[in-house]
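Visitor: Starting from the given sequences, assemble the full structure and let the hints guide the process.
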Amino acid sequence: MSAKTRGLTSARDLAYCGLFGAAALAFPVVFHVLRLGHVFMPMYLPLVTLAFFVRPAPAATTAFLVPLLSGAVTGMPPFYPPVAVFMSLELAIMAGLISAIVTKRPKVNEWTVLVPVLLLGRALYVGLVYAFSLAIALPAGFMAGLSFLGGWPGIILMIVVVPPVAKLRRGRPGAAVPAREGLKSAYFDSIAARWDGWEDLPALDAALASALERFGVGPDEAVLDVGCGTGNLTRAVLSRLSSAGRVTAVDISPRMIEEARRKIRDPRVDWLVADVRRLPVPGASFDRVFCYSVWPHIDDPGEAAAEIGRLLRPGGLLYVWHLSSRSRINEIHATAGEAVRHDLLPPAEETADLLRKHGFLATTVIDDEAQYLVVATYEGKGPEERMEAPAGDACALA
Amino acid sequence: MRALWHDSWGSGRGPAVRLAPEARIAAGAALFAASLAAPAGTGRGIALIAFVATAWTAACGMPLRAVKSFALLGAAMFLPYFLLVPLLTGAGTPGGPSGQGGFLSALAAPWDVVLHGFAGLFLTAATVTSLSASDFRRGVLALPLPRLVTGVVIQIVHQTAVLFAETGSVAAAIAVRSGSGRAGTVLRVLASVPRVWLPRIIHRADRVSAAMELRGYAETDLRVMGPTKPRAADAAAIGAAVGLLALAAAIRWDWIR
Chain A
1 MSAKTRGLTS ARDLAYCGLF GAAALAFPVV FHVLRLGHVF MPMYLPLVTL
51 AFFVRPAPAA TTAFLVPLLS GAVTGMPPFY PPVAVFMSLE LAIMAGLISA
101 IVTKRPKVNE WTVLVPVLLL GRALYVGLVY AFSLAIALPA GFMAGLSFLG
151 GWPGIILMIV VVPPVAKLRR GRPGAAVPAR EGLKSAYFDS IAARWDGWED
201 LPALDAALAS ALERFGVGPD EAVLDVGCGT GNLTRAVLSR LSSAGRVTAV
251 DISPRMIEEA RRKIRDPRVD WLVADVRRLP VPGASFDRVF CYSVWPHIDD
301 PGEAAAEIGR LLRPGGLLYV WHLSSRSRIN EIHATAGEAV RHDLLPPAEE
351 TADLLRKHGF LATTVIDDEA QYLVVATYEG KGPEERMEAP AGDACALA
Chain B
1 MRALWHDSWG SGRGPAVRLA PEARIAAGAA LFAASLAAPA GTGRGIALIA
51 FVATAWTAAC GMPLRAVKSF ALLGAAMFLP YFLLVPLLTG AGTPGGPSGQ
101 GGFLSALAAP WDVVLHGFAG LFLTAATVTS LSASDFRRGV LALPLPRLVT
151 GVVIQIVHQT AVLFAETGSV AAAIAVRSGS GRAGTVLRVL ASVPRVWLPR
201 IIHRADRVSA AMELRGYAET DLRVMGPTKP RAADAAAIGA AVGLLALAAA
251 IRWDWIR
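Residue numbers (this note's numbering), protein chains in the order written: chain A, 1 to 398; chain B, 1 to 257.
Hints were generated in silico from the structure; no laboratory data involved.
For each residue, glycine too, the CB sits at the ideal point set by N, CA and C.
Mixed in with the good hints, there may be bad ones.
With the Cβ distance kept under 7 Å, some of the chain A side facing chain B (calculated, not the full set) [what the hints assert, rightly or not]: (1) Ala11; (2) Cys17; (3) Gly18; (4) Gly21; (5) Ala22; (6) Leu25; (7) Ala26; (8) Thr49; (9) Leu65; (10) Pro78; (11) Pro81; (12) Ile136; (13) Ala137; (14) Val161; (15) Pro164; (16) Leu204.
A partial selection of chain A residues facing chain B, derived with a Cβ cut-off under 8 Å [to be verified]: (17) Phe20; (18) Pro46; (19) Thr61; (20) Val66; (21) Ile156.
A short list of chain B residues far from chain A (calculated; beta carbon distances all over 10 Å) [what the hints assert, rightly or not]: (22) Arg13; (23) Ile46; (24) Gly120; (25) Leu143; (26) Val152; (27) Gly243; (28) Ala249.
Guide: Listed below in structure tokens is the structure:
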């Protein structure tokens, strides 16, 4: 579960709890329509499955609430005798335990977790029925025995059904546990058409041109533009290159790339929809790499730095760069969509330290009210050791 | 059950509907507690339970159709407890109750279940019939509940409305098309749970969570729309319900003679 969250739950957890909770209310309907009755414990199936997908607090809360909600609205399970309450306790404990174990040990075998927890839950339920029956002078042994025997078809069904579904939580991209970059890609897709409307483009073009002049970008260089967005930096770099120079422009958002390609029709540009951490480009391909207005959106900057090191020629330059202050950038992100809300730009010194750990020498570190800039030279391994491209999942567009 | 779910929400037309949603939920909860607290074995307790259940069902204006449905459901769920009477008369059990007195004493536990069961069933159902889905959302948000509970409950109720129609249709289609007898239907449905139902829910949850993330959902979004002012009628309803709860407790623990 890579999503950073605030408070006890995230939007993702809430969506899963809502859907699986609703399914726990709907499944008894399916079984009822098909005259399968309640012997298979249809309410338990979705709630136990849910526990493999969300964190303990939302899993246990949902499992606790569903029987009560169902009891209040449909009368089943009843509140007296307190079957609804017993089911709530049993389900909450089972869901909380499963989720806690799976959160702590994500690679644990699903059956190993499920079987003992189901048995524990059933024992608790039977115990509660026994105690209540004793308290109101019903035949306790008979009632508990009935509960014990009645639960087995449902338990067997869960043991058979839940683990294969729970396995879906493991690394199915964009599905059981949606990758953070998938959400970001969708977010940037959704704002791509409006992006340039938020910029003062003439002023931005002037600022970029002036900065590239200072950086000394040469006419025949190979430049990588990471997080190119709608291509404003790409265009500024192209204006400094000769016909021998080239730019590789990369973004995780296909719509951003579409916008950029609509604006820039230049054979010197290769467009890529890809994650910077897995670029399908041979090693030592670039003289400069610009990470302009993208660094806080990279989920694992260390991994990105290592990949950029692979892509740079010896002595190549990396620019981690924003034309606003760090506080301004973080303020903008904090009030933006949930997908980027937690993307905070660290102090420039921290970024420089991280780059040093990956074979860079930071030569410029600026973190003031006007800009954020870390320039670092790659001093790592030679190109012969870095020619292999990783098996990336990029989509080359040109 | 599907009909019960749809028929319940907001179908009530009684005077209680004019109360603030949170007052309806709070009063319903207090009356439910009162019905549980009152003893089923004394005349005063029985009278109080019957009064509370009947009065609140009438105040919420629960439709007759729903009353009949819940009465049938209650009969199916609770009356079988009387089948336990032979086990409770202690026939052949040394020291067990026997004879006329024994039979009456054996009726006490099933009677307790039946009376409290019916009362609880009608009180909760009546409260739900007094609330539309939007009333329920507003009421839950206005009550002093943990944000996690509020968020989960609102999500479940919202998603259930969407999921019920689709689920019911698919189930009916399976029932019609399976044509291989009851055993075949059972096997087909059970096999479809891991291959169709649960993966569909996971897929939908992914889409919903992506949509929530995109529009910037946060727990702070859980707030009541528009101002809510405490009104005298709401305070009176909650006060009366709490008073009845106190009365039930007094009868239960014999504070009044």
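Visitor: With a cut-off of 7 Å, does the beta carbon of A:Cys17 approach a beta carbon of chain B closely enough for the hint to hold?
Guide: holds (5 Å)
Visitor: Would the hint on A:Ile136 be counted as holding, given a Cβ-Cβ threshold of 7 Å to chain B?
Guide: holds (5 Å)
Visitor: Confirm or reject: B:Leu143 is not an interface residue toward chain A, with every Cβ-Cβ distance exceeding 10 Å.
Guide: Non-interface label stands for B:Leu143: nearest chain A Cβ at 14 Å, farther than 10 Å.
Visitor: Checking hints one by one. Is A:Ala22 an interface residue toward chain B, by the C-beta closer than 7 Å rule?
Guide: holds (4 Å)
Visitor: Would the hint on A:Gly18 stand, with a C-beta cut-off of 7 Å toward chain B?
Guide: holds (3 Å)
Visitor: Check the non-interface label on B:Ala249: least C-beta distance to chain A beyond 10 Å or not.
Guide: holds (17 Å)
Visitor: At a threshold of 7 Å, is the proposed contact between A:Pro78 and chain B supported by beta-carbon distances?
Guide: At about 6 Å, which falls below the 7 Å cut-off, the nearest Cβ of chain B leaves the hint on A:Pro78 intact, so it holds.
Visitor: Would you check whether A:Val66 satisfies its interface hint, that is, whether its CB is within less than 8 Å of any CB in chain B?
Guide: holds (7 Å)
Visitor: Any CB of chain B closer than 7 Å to the CB of A:Ala26?
Guide: holds (4 Å)
Visitor: Find the nearest Cβ of chain A to the Cβ of B:Arg13 and say whether that gap is larger than 10 Å.
Guide: With a cut-off of 10 Å, B:Arg13 remains clear of chain A, as the shortest Cβ separation is near 18 Å.
Visitor: Identify whether the interface hint at A:Pro81 stands, where standing means a beta carbon of chain B within less than 7 Å of its own.
Guide: holds (6 Å)
Visitor: Close enough to count: is the Cβ of A:Gly21 nearer than 7 Å to one in chain B?
Guide: holds (4 Å)
Checked against the numbered hints given earlier, this structure breaks hints 16, 21, 24 and 26; the rest are met.
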